[in-house]
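> Here's the letter readout for the chains.
2 protein chains.
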Amino acid sequence: MMHYPLLMKSILYRANTLYPNQEIVSRDYDGLFRYTYRDLHRRVCQLANALAALGVQPGTNVASFAWNNHRHLELYFGVPCAGRVLHTVNIRLFPEQIVYTINHAEDQVLFVDPDLLPAIEQLLPHLTTVKTVVALCARDQLPAHHIPNLVVYEELLAAQSDVYEFPEFDEYTPAIIAYTSATTGNPKGVVYTHRGLYLHCLVGLTSELGIRDTDVTMPIVPMFHVNAWGRPFIATWAGAKQVYPGARPTPQVFCELIEGERVTMSAGVPTIWMGILHEYRTKPGGYDFSSIRALLSGGAALPLALVKAFDEIGVNIYQGYGQTETTPVTFIGYPKASERNLPKAEELRYRVKTGLLLPGLEMRLVDMDGKDVPFDGQTMGELWLRGPWVIESYYKSPEQTAEAFVDGWFRTGDIAVMDPDGYLQITDRTKDLIKSGGEWISSVDLENAIMGHPDVAEAAVIGVPHPKWQERPLACVLLRPEAVGRVSAEDIRQYLEDKVAKWWIPDQIAFVEEIPKTSVGKFSKRTLRELFDQGKISAS
Amino acid sequence: MMHYPLLMKSILYRANTLYPNQEIVSRDYDGLFRYTYRDLHRRVCQLANALAALGVQPGTNVASFAWNNHRHLELYFGVPCAGRVLHTVNIRLFPEQIVYTINHAEDQVLFVDPDLLPAIEQLLPHLTTVKTVVALCARDQLPAHHIPNLVVYEELLAAQSDVYEFPEFDEYTPAIIAYTSATTGNPKGVVYTHRGLYLHCLVGLTSELGIRDTDVTMPIVPMFHVNAWGRPFIATWAGAKQVYPGARPTPQVFCELIEGERVTMSAGVPTIWMGILHEYRTKPGGYDFSSIRALLSGGAALPLALVKAFDEIGVNIYQGYGQTETTPVTFIGYPKASERNLPKAEELRYRVKTGLLLPGLEMRLVDMDGKDVPFDGQTMGELWLRGPWVIESYYKSPEQTAEAFVDGWFRTGDIAVMDPDGYLQITDRTKDLIKSGGEWISSVDLENAIMGHPDVAEAAVIGVPHPKWQERPLACVLLRPEAVGRVSAEDIRQYLEDKVAKWWIPDQIAFVEEIPKTSVGKFSKRTLRELFDQGKISAS
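So the protein sequences, as listed, match chains A and B. For the first sequence, the working numbering assigns the number 1 to the initial residue and increments by one for each residue that follows. For the second sequence, the working numbering assigns the number 1 to the initial residue and increments by one for each residue that follows.
Calculated from the structure, these hints are not laboratory results. Keep in mind that this is a model prediction, so the values were computed, not measured. Be aware that one or more of the hints could be misleading.
Since the list can't tell identical chains apart, any single copy or any two copies may satisfy a pair.
Cross-link-like lysine-lysine pairs, in silico, DSBU-like; alpha carbons within 35 Å at most [as the list claims (entries may be wrong)]:
#, residue 1, residue 2
1, K336, K308
2, K431, K502
3, K344, K308
The following block holds chain A by itself, in its conformation from the complex (with noise of 0.2 Å):
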């Protein structure tokens, strides 16, 4: 077989030779722009010969600060296909951590929204490496501002030819850097190569839920966050028209644009599909969602209240699962053929499991001996990865790789089980679970069955330790206004001994006036562990 590399130009060309008048829509800050993959294309080749004016040498990192829309899009191909890396920075980190990255990094050129200008302006003397700053807008789209020699992107590409010819080189040249949002420490470094996105994004073609030429696919998921999960390089490839939201989208951005352009598939996390929904009802007599085919929710665990709220109007909503180390699609909860003959309520539970490994990768779950576990849909381990669209390492940080890599695998840190028939289900982060006697209990798991007490509202479970059992579990609950000093610990444990194995069931139980959530709304666990280390929790 020919030694024909595996490069993201590949998916350029068959848009622009087999669909150069399909349509791309991007909401620019004037109103809706349209044009076509003919028009991406020679713009791509614009903004490649731009980036060698700019004094870009191939293998350079140059970084993108914008919001999901067709020049972002623009920089999605131009970048890696002329061999130079782009750098997704994450706008929603925080100041500090921007500036962390993009030094990092070493980012050359940095490309930026107008509307993003201000933030950029404040940072600027922090950047070290930063030579030039590119605004992605026409002259007159500018706002004020003080940054020096600032380019105009419209003015940048106009300046250069539309024909350029796309170098070839080795498939594992990087093509994106992302980084992590860490919860302690810095953010780590993610690079992605030509090869691994390429073979990421074909496999984004396969299966009833791969995006095809009839498709109108609109990615919410931000083109700042892995990718936007290869959306933009999957209907790329297929042909399909593509919608862009644009700056600060709302609910209602998202609705209208779905009904005016007949969007057939779009991604994004839980909350957004929650905005949605809430939009959907409280416009009287809704939005035409008829043309929706499938959304795909991933980035936390999709709840099976909102699948059936959404299949109530008729839309089917389907799960991802990934990481920003794994590109990061690796599991899609798309029943299987036998499972879609069962009645719908059942058929809709399989929707909301974390569901089945992609083609192309390998998994193990792995017991805390790093021994593999039976997949008996029961016995749990820490779900390990390899492929050829997972990493092997973090960016310049040995350290934290020596942590996440073993034998060429990658540790998710999420623990799971898998169905003997092929579904995986995460049940707890591993840091979250707890080693009580040589097992695990999970603390979700275990949440889950103490919430179904009825005079439970909510209940978090950490591990605390033991002097036998190394860690035992604390269950922090939150009673119903109504229960408070009727029910009691004993009330639960027994209410728990047909539900749970009897070695799971709670030695101490802390009835507590809140649970202390973070910022996504998620039960805090590490607040927990500090108010508990620093005596502020009493069990019986």
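Place chain B on chain A using the hints.
What follows is chain B alone, placed relative to chain A:
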């Protein structure tokens, strides 16, 4: 990204892990045999162990001489995944060609279906490298024979452990070898690497025509023809149910399996589909073909009449295009979204186009000066291809390699035009083109124009030497019986005047009593050229 090789074992891994209970049906010598992907995996492990037991070293070639059945499927996986190479011998070659290919590939073991043992027994004295013959059956299915030390496949497997650790190796490692059936000279060997097959088959999961786990696939194209177009691998990757039609299948066998096993997709050559259509129409009440969602036709141009005939019985048939050198599929005649909204009659016309280039491939149309021609739907060029599943050389054949490969491109030898909107149409073979005054005339287009004349039954056009124009077309015309003597060469030329370019109109037209055909029913232009050279065709 991980340096994780693209190996065929990934395909089997996923089927065994996610679809262990999915069914494989194989028409064995004594009825339908059924087992699952779990069973397939187990037996592939036994086979891999058996190869070592037979003394077959990694990197060594072994051969199959077999029909489409489950044991052949086991060889498809077991041999390459164990790091050996499977030569799928074409059982339809002439005996001396079979001997040539087996000796050329230096096959050490020959896996033979029991009903084909007599053929091999005849050839065995001429096979210089074969050490062991294995009969692909159980002991009680074995016919009488005189092959020394014949091994029985079922006994070979039964003696082996079903635990096997598939090795990891470079993705450019050979997996399968096939030979093209050349019209002149010896067959040319083509080596498929793990990487090439992997990527070809991954693309087979994409688009509306991609195999999915809801599908029931039956490869009719033989497994000794270019990997059965990859269908056994693609179906396994998808977790689809598979049906294998076994030895010496007839149209009736195909129809009964489609109906009985609820086949959704199948692949074969046009003559097979004609046979199936005839069988369908012959049987009172027909067969139940309602399960079919797509038939794939390849190997020769798909006639519009056949598409229409299948459409009338509610069956969709599509065209694939490719060569042995391209693993094989490179184009699919699947209408784009924009063409699928056309009225049925127009949509069907897009199905008989050669189709759309698959993701990952690159194409050129090159004129006789080696220059690219525009994609304008009119200008002809030779189709050149490159991509990850296009070979870069013939096996141990440097001279034939030098002819077919130029600057990293594979010259298909087919002449085509490409629409501005991406549809390719093959118009001729390079060798059948008429090169007239520095321009090309398509013999096929000219034949079709002449055959549009109501008094013409058949017409074949060849190029004949011309002192000024290098070549000019000679049309050999078979008139309908009632028109003989009534229609003149001048009538034909007048008829063509508003149908083809003036300089295409043949100066010489020969009325013949018969147009010689090849064994597969095509006009034999080689015979016509010989007859012309011998002065046996006279034109006016």
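> Please name the hints from earlier in the document that this structure breaks, with their numbers sorted from lowest to highest.
Checked against the structure, no hint fails, so every one of them is satisfied.
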